[in-house]
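A.B. asks: Following the hints, complete the assembly by docking chains B, C and D with the ligands onto the known chain A.
Chain residues, written in single-letter form:
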Amino acid sequence: MGVKKRKALDSGEALLSPLPVNEVDAVALYRRMQLIRLFEEEAAKGFTRTRIAGYFHTCTGEEASVVGIISALREDDYLVTSYRDHGHALARGLPPREVMAELYGRRTGSSHGKGGSMHIFDAKRHFMGGSGIVGGGIPMGAGIGFALKYQDSDSICACFFGDGAVNEGTFHEALNMAGLWKLPVLFVCENNLYGMGTHVSRANAVPEMTERAAGYGMERFKVDGMDLFEVRAAADELVGRVRRERRPIFLESLTYRFSGHGAHDSGKYRSAEEVEQWKKRDPLILAEDTLRRLHLLDDAGVEAACAEAKAAVDDAARFAEQSPMPDPKELYTNVYA
Amino acid sequence: MGVKKRKALDSGEALLSPLPVNEVDAVALYRRMQLIRLFEEEAAKGFTRTRIAGYFHTCTGEEASVVGIISALREDDYLVTSYRDHGHALARGLPPREVMAELYGRRTGSSHGKGGSMHIFDAKRHFMGGSGIVGGGIPMGAGIGFALKYQDSDSICACFFGDGAVNEGTFHEALNMAGLWKLPVLFVCENNLYGMGTHVSRANAVPEMTERAAGYGMERFKVDGMDLFEVRAAADELVGRVRRERRPIFLESLTYRFSGHGAHDSGKYRSAEEVEQWKKRDPLILAEDTLRRLHLLDDAGVEAACAEAKAAVDDAARFAEQSPMPDPKELYTNVYA
Amino acid sequence: MPELTYKDAIRQALLEEMEADPAVFMMGEDIGKYQGTFMITAGFLEKFGDRRVVDTPISESGFVGIAFGAALMGLRPVVELMTINFSMVAMDQIVNHAAKWRYMSDGQFTVPMVIRGPGGPVSQLAAQHSHSLESWFAHSPGLKVVMPATPSDAKGLLRTAIRDDNPVIFIEHGRLYNTRGEVPEGDYDCPIGKAAIRRPGRDLTIVAYSSLVPVALNAAKTLAKEGIEAEVVDLRTISPLDIDTVIQSVRKTNRAVVCQEEWKFIGVAAEVASQIYEKAFDDLDAPVERVGAADVPLPYARNLETLAIPNDQSIIDAAHRAIRGIKKSAGPGIRVA
Amino acid sequence: MPELTYKDAIRQALLEEMEADPAVFMMGEDIGKYQGTFMITAGFLEKFGDRRVVDTPISESGFVGIAFGAALMGLRPVVELMTINFSMVAMDQIVNHAAKWRYMSDGQFTVPMVIRGPGGPVSQLAAQHSHSLESWFAHSPGLKVVMPATPSDAKGLLRTAIRDDNPVIFIEHGRLYNTRGEVPEGDYDCPIGKAAIRRPGRDLTIVAYSSLVPVALNAAKTLAKEGIEAEVVDLRTISPLDIDTVIQSVRKTNRAVVCQEEWKFIGVAAEVASQIYEKAFDDLDAPVERVGAADVPLPYARNLETLAIPNDQSIIDAAHRAIRGIKKSAGPGIRVA
Ligand SMILES: Cc1ncc(C[n+]2csc(CCOP(=O)(O)OP(=O)(O)O)c2C)c(N)n1
Ligand SMILES: Cc1ncc(C[n+]2csc(CCOP(=O)(O)OP(=O)(O)O)c2C)c(N)n1
Ligand SMILES: [Mg+2]
Ligand SMILES: [Mg+2]
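These protein sequence lines are chains A, B, C and D, in that order.
FYI, the numbering for the first sequence is 1 to 337, going by my numbering.
FYI, the numbering for the second sequence is 338 to 674, going by my numbering.
FYI, the numbering for the third sequence is 675 to 1011, going by my numbering.
FYI, the numbering for the fourth sequence is 1012 to 1348, going by my numbering.
Bound conformation, chain A alone:
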């Protein structure tokens, strides 16, 4: 894979246990990944059945990265994501019903149908939203960090964006100010190697993300984003450091998207072999293997996890299907406060 281990662990602080969390939590994290996987598959069906429309992006293949990092946050921490945000919402604990209903554009959705797939919000869970504009959410993430510093809070903000987003000016401007002002933000570059159909090597003069971000005065780490427990261990450490040290850190999580970029995808930019190669490191399989090796999971456990996830997802789809559309007068509400 050529994934460099995260520097944090290289630098000596080896883990005592192979798991960064207790055994119950370890299985729960795995189950959360299952939920996201099945949710995305169900949502894709919903798109095909025209229940869902607009631009639509799933995170299949990236679940370890999503769950590993988000599970390391505290309830009072904050999140900013891109448009590829369903998995992040579920990882943060938004009910599958609300997320699915939002995708369906229903009154019961997390934003009552007004946001849609790219724009999941949940103020009470500090889920500050998905921006559909590449790189558009990065200044916002820094701004949340700014407010946390201003308010002397010990919360932090985790700000997610893709490898393509590092080429937007917003990335550059926001990271510089975050570094300059020491804002408590964990910048997470979800490097799935492609910005839509463009490989990082065709978009970045310096494809190595941790080098690309050298000009902002912050420490930079890289983690194997396919390995749930690797990600979680790194996130534990780095979230903790951002929290304690009150300064930003840049984390590249190297991952891969198994699905197309969006609902439509030409597929012309990568080979079937490459995809297959990566699927061998499916984060669900990797985590399952680890948990089996530690005797925390067996066939029955896997089946139960699947069944549970499937039930939740089916329930979410049914709920969404049966939910009403927004009231027409909602068209004019909440334009202004």
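Worth flagging that the hints you see were computed from the coordinates, not collected in a lab.
There could be a bad hint or two in this list.
[As the list claims (entries may be wrong)] Stretch by stretch, here's where chain A covers chain B in the computed footprint (C-beta under 8 Å, at least three residues): (1) 509-519; (2) 546-555.
[To be verified] Below, a sample of chain A positions facing chain B; criterion: calculated Cβ distance under 7 Å: (3) N167; (4) G169; (5) H172; (6) G179; (7) L180; (8) A205; (9) V206; (10) T210; (11) R212; (12) A214; (13) G215; (14) Y216; (15) G217.
Cβ atoms here follow ideal geometry from the backbone N, Cα and C, with glycine treated the same way.
C.D. replies: Then chains B, C and D with the ligands, alone, in the frame of chain A:
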């Protein structure tokens, strides 16, 4: 001063002669600096006398950087500048009359009075113009490099911008593409330590410009921008390399502006001592000293240079003063081709 | 005459102009290896090579500026914005650079470039991705703004735009991409700045453009059944605006409905209506009716989106008001009860 | 009542709101150590410290986005753009983020932020630096747009804007900065969305805002000498637009001239005129006259700039046309012979 020598020379290729140009040219470069110095002083008077208006920026103190680099270009090379562009125009050979008349907003100006101080153009001299938007000209500079590559030309583009401009997204985006596509552009960061009143250390998480530009896959150099012959030697080498190797290079020229940022300047952001300290390294004095040491200049020579410059500048001011305003019907011309 | 889709018509124009003129090149996100987000440029990379079909990083401000710089050098860039929404991150390069270089230099430079891509609401693209922004662009002198409604115009006007020596904003409509229509072969005349009568009529003038032209034609059909013969004028270009064709029609019909798909407030319809009043006040038997989107960010939910944007019925209702000469317009055509 | 300059009125509002509410903070280029480009914030850094008076790098897109993120967290940022022109590099953060977060989340977030700075032509700032852009901002739902004409409004409306829970674009006018006027003490009422009658009159309504209010009042004085009593309506806010006050006036006078300083084409005047026709068609004795800038990038030369922008005479001429009821408007008020 703490100025690191340009890496090009550090790396072994020491100069055989103390001068990078022949003796006649050396004096000519010095004279060009004189012209710029006196031109800027005259222009400032023109502003006070309300002959000139709008935003107005002189490059007093930065003449070595301007002349040293621009004199290393060939006639078929291209230039892009910021709004601080009078000196660059003169260094490129625009007649002082045309530049002064443009500042006066007269029909005889380089853009017939429609551009003004921040927007000097001269298509036939490949002077592609000053953008008044910080960082705004950097993509244009890369685009000229793109065209030169497209056209298989062996010309290059020198693209000037300030230390403040590196914080704009345009800098980041354009340098990445220049590095990625190997565009023949010499990116010149004119680091005068301040973006208006903000010191680089208060604007950049990494104030060292050559580190700040680490993410773009191009070689980076730094030169003492107060020393005409140092600048010229570095520019000769780097312009040559961009030309031969057909790829971009980043050059920081460390300099200082003796005047205020613009016509109005609060002066609150730097001390009189700091300014005085820098004035000891006035590029005119440094160049004069070198030339005197080499017996290329004596009192009479200095006087002659001053007199020549003064005559040219006085002539330019007179010319501008006596030139007519643009014809009113010019208001509607050249909006479209 | 062969039938083509709107999308294929665009593709043909691009193909033919690329073949005809080696100075024409294309630049944009995923236009090459991916084959184009909407497959418009499928096969182009293979056919023309990566010198002329340039996949870019996600850096709109940067590559629009690079294209602008290349245009100054005599190349004829055709920049694809994946959608017109992303012009918002490049606005300064478009409006403050490309649109102004010719005027500021008083004609020393020409800027022959096209910025094209789909705009407008398609199907639940939600608030950030449903803009067309013609009102902004056309407000700004130095730009031309073209919005074809038919395959024939899509091809003909794009060809004209590519051959035009000015920056042209060419706004396609995602909802029209798969519509079909006859497209003449060869180099038919299709000037920028000429409106077209799509349906003659004596009772009422309906002014529309882009996606609303077919909608207006539908509305006209319904109105015809009631005995109201509407004349439908397709503006085709917003800047320059062919107001003469509109005025001639209104002189005949004495009533007008002006339609635009984006927000009504300070939009194209306000300009067209104002000019109708100014130039044909005494010919009007009723106030001009404006039809446009509800003044809200576009909601995702299908029913709300449908309510927000103009449709046949909103045009028919406006026509009825105009015919009845009701003085007080009912606000947005689609205001809910 | 004490007299203040417009500039000092702004300063006072900032001072008082900073003192009153610890959630209010300021961010912008050179507002602190430099003391503010126009000295509006002189002494603020010393008084409030660098936690609340934040000097930024030259990164408008980044710091507008940071302020937006901070606003989501309950802070009340007041962002200074050195001039409103630079909003063009931050347009996406303003229009596609700050303006849309509340709606897309269906009210889960409020965005209490102010973006302020001087706009408009001042004296030969030339093409890139003379925008006010109210037509763009007001076209976009989710933003409020405020443009005070007097010191009293500058203070009162800025205070109201800072207390408003929505993103407010507060466009000052550089040419008004040193104008003086009475400013009530204390917390006088100054709501957003309420126009003001600046001069009563029976013969004609002149609608203006910002810098054109004093110009219109001058014009009205001249007209009065001819026996024409013009009523001058100051819009004060462009969005929301207080059309009722305009309509009431026109019902009385039956004639209207609508003025704006920026380009007429698809501008504020077109909207106001359209609404006058729509709501008071039968009350009009003549077409509404629009006065606005020539549709060209603003030239630098003094005489051309003067020709390009509206002045007393252009308003007087428009008034004459409206009074004489001449049907065909003469195009831009200042079109040269
Ligand atoms: C400013 C902007 N430009 C282009 C797009 C279209 N677009 C949507 S997603 C995407 C690719 C982004 O890639 P990356 O940042 O790597 O994230 P990923 O989709 O791989 O998660 C593009 C080009 C956009 N939404 N915003
Ligand atoms: C986008 C933008 N923001 C702000 C300004 C106002 N401004 C003009 S010059 C300047 C400082 C630029 O500093 P630097 O890049 O270091 O160049 P210098 O003036 O020192 O030569 C600023 C903030 C501008 N012109 N454009
Ligand atoms: Mg990616
Ligand atoms: Mg500087």
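A.B. asks: Does the structure break any of the earlier hints, and which numbers would those be?
C.D. replies: The structure conflicts with hint 10 only, although it agrees with all the remaining ones.
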